[in-house]
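A.B. asks: One letter stands for each residue in the lines below.
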Amino acid sequence: MDEVRLIEVKEDILADNKKVAEGLRQKLAKDKAFLVNLMASPGAGKTSLILKTIEVLRADLNIGVIEADIDSKVDSEKVAAQGIYAIQLRTGGFCHVDATMVAQCIDAMDVKAFDLILLENVGNLVCPAEVDAGATLNAMILSVPEGDDKPLKYPLMFSIVDVLVVNKIDFLELSDFDVDVLRKRVLTLNPGIKIFEVSSQTGQGIEAWANWLKEKVYASIK
Amino acid sequence: MHELPVIESILKVALTHGQKNDVQKITAIYLQVGELSDLEDEWMQRYFDYLSKDSIAEGAQLKIDRVPVMMQCEDCTISFQVDIKKIDEIVCPECNGKSNKLISGRGYFIKNMEVI
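From first to last, the protein sequence lines stand for chains A and B. Just so we're aligned: 29 in my numbering is position 29 of the first sequence, and the numbers increase by one with no gaps anywhere. Just so we're aligned: 27 in my numbering is position 27 of the second sequence, and the numbers increase by one with no gaps anywhere.
If you are wondering where the hints come from, they were derived from the structure by calculation, not from laboratory data. Just to be clear, a hint being listed does not mean it is correct.
Claimed, not checked - Restricting the straight-line Cα-Cα distance to at most 30 Å, the calculated cross-link-like pairs of lysine-lysine (BS3-like) are:
#1 Lys-10(A) - Lys-98(B)
#2 Lys-194(A) - Lys-85(B)
#3 Lys-214(A) - Lys-111(B)
#4 Lys-12(B) - Lys-10(A)
#5 Lys-153(A) - Lys-63(B)
#6 Lys-194(A) - Lys-214(A)
#7 Lys-194(A) - Lys-63(B)
#8 Lys-20(B) - Lys-214(A)
#9 Lys-194(A) - Lys-12(B)
#10 Lys-19(A) - Lys-111(B)
Stated by the list, open to error - Derived DEER-like restraints, expressed as beta-carbon distance ranges:
#11 Glu-77(A) - Ser-99(B): 40 to 46 Å
#12 Pro-191(A) - Asp-83(B): 17 to 23 Å
#13 Gly-23(A) - Asp-65(B): 39 to 45 Å
#14 Thr-16(B) - Ile-195(A): 29 to 35 Å
#15 Asp-49(B) - Arg-5(A): 21 to 27 Å
#16 Arg-5(A) - Ile-78(B): 39 to 45 Å
#17 Glu-42(B) - Asp-2(A): 28 to 34 Å
#18 Ala-108(A) - Thr-16(B): 26 to 32 Å
Unchecked claim - Away from chain A, derived, C-beta distances all over 12 Å, residues of chain B:
#19 Tyr-50
#20 Cys-95
#21 Asn-112
A quick note: this is a predicted structure, and the numbers were derived from the prediction, not measured. Heads up, the beta-carbon is just placed ideally off N, CA and C, and yes, glycines get one too.
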């Protein structure tokens, strides 16, 4: 009778991805390109915020966009219509992008020609939080209609991002969303996070966010 | 769909170690999964059964240990376990500090495997 034995593995299953992500970050730093991984639920306003951010920053920065979607080109066409370079990343059913997929896009772009690359991750608050996309900065959008209880349901996402943009702030009056409660919950999970309140519709807060991002880009690529 | 890439990676690592150690069959895989993971044990096993068909890992049981969520107080630096569902009540048990950093509870780690 064959004997059962125990063999040691001791491996982090996301280790391969982490390695690729670190390599990508180094390449981006060397080529002086700043990659923002933008994560949010479907409908939180990722594409609108990208378009608004581009409006403010296009005079100062060369911007490119990577649009990740399970299987559509709707968003990349919207960005390209503004005369901005957009590359479509079709994940083919995957609910998030991993560092290898992003690295392929970066390789396909003339990355040295860009200061800022905005990556729109797949709309979802679960998986993108677990898989390092290799970005310089991780950002999340939460829109007011989603509710201030989201940090209770998706703590991992709120804990891993560098910045949170609270979008559709013009909806506050119509809802019971409490910005103070949200801030307290988010800061409990992530004391170092930066929080902006914006409305892509009215333009409120967009400049503050975009200028903060611009400073980050300058500090990193200059 | 999140289960698929995660389980694929687990299977890949398990098969690599199986081949390296010349095993005929993997009967169990001991995993440490962060409490913050949204994957349920039952579903992980189901996806694993599906993906591992016709490999040396077919029929292997996933033995899953949940790694508790720990935070570290930024003021007095002690670490403590938290119930992440009760965010509104999280304070440092030592100094009542409210600035706490997440230090564990994420990720997927394969400890070891039972093999024949």
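A.B. asks: Now, for every hint given, state plainly whether the structure supports it.
C.D. replies: Verification of the hints:
no., hint, result
1, Lys-10(A) - Lys-98(B), "violated, 34 Å"
2, Lys-194(A) - Lys-85(B), "holds, 23 Å"
3, Lys-214(A) - Lys-111(B), "violated, 43 Å"
4, Lys-12(B) - Lys-10(A), "holds, 14 Å"
5, Lys-153(A) - Lys-63(B), "holds, 25 Å"
6, Lys-194(A) - Lys-214(A), "holds, 14 Å"
7, Lys-194(A) - Lys-63(B), "violated, 39 Å"
8, Lys-20(B) - Lys-214(A), "violated, 49 Å"
9, Lys-194(A) - Lys-12(B), "violated, 38 Å"
10, Lys-19(A) - Lys-111(B), "holds, 20 Å"
11, Glu-77(A) - Ser-99(B): 40 to 46 Å, "holds, 44 Å"
12, Pro-191(A) - Asp-83(B): 17 to 23 Å, "holds, 18 Å"
13, Gly-23(A) - Asp-65(B): 39 to 45 Å, "violated, 31 Å"
14, Thr-16(B) - Ile-195(A): 29 to 35 Å, "violated, 42 Å"
15, Asp-49(B) - Arg-5(A): 21 to 27 Å, "holds, 23 Å"
16, Arg-5(A) - Ile-78(B): 39 to 45 Å, "holds, 40 Å"
17, Glu-42(B) - Asp-2(A): 28 to 34 Å, "holds, 29 Å"
18, Ala-108(A) - Thr-16(B): 26 to 32 Å, "holds, 30 Å"
19, Tyr-50, "holds, 15 Å"
20, Cys-95, "holds, 14 Å"
21, Asn-112, "violated, 5 Å"
Of the numbered hints given earlier, the model fails hints 1, 3, 7, 8, 9, 13, 14, 21; all others are met.
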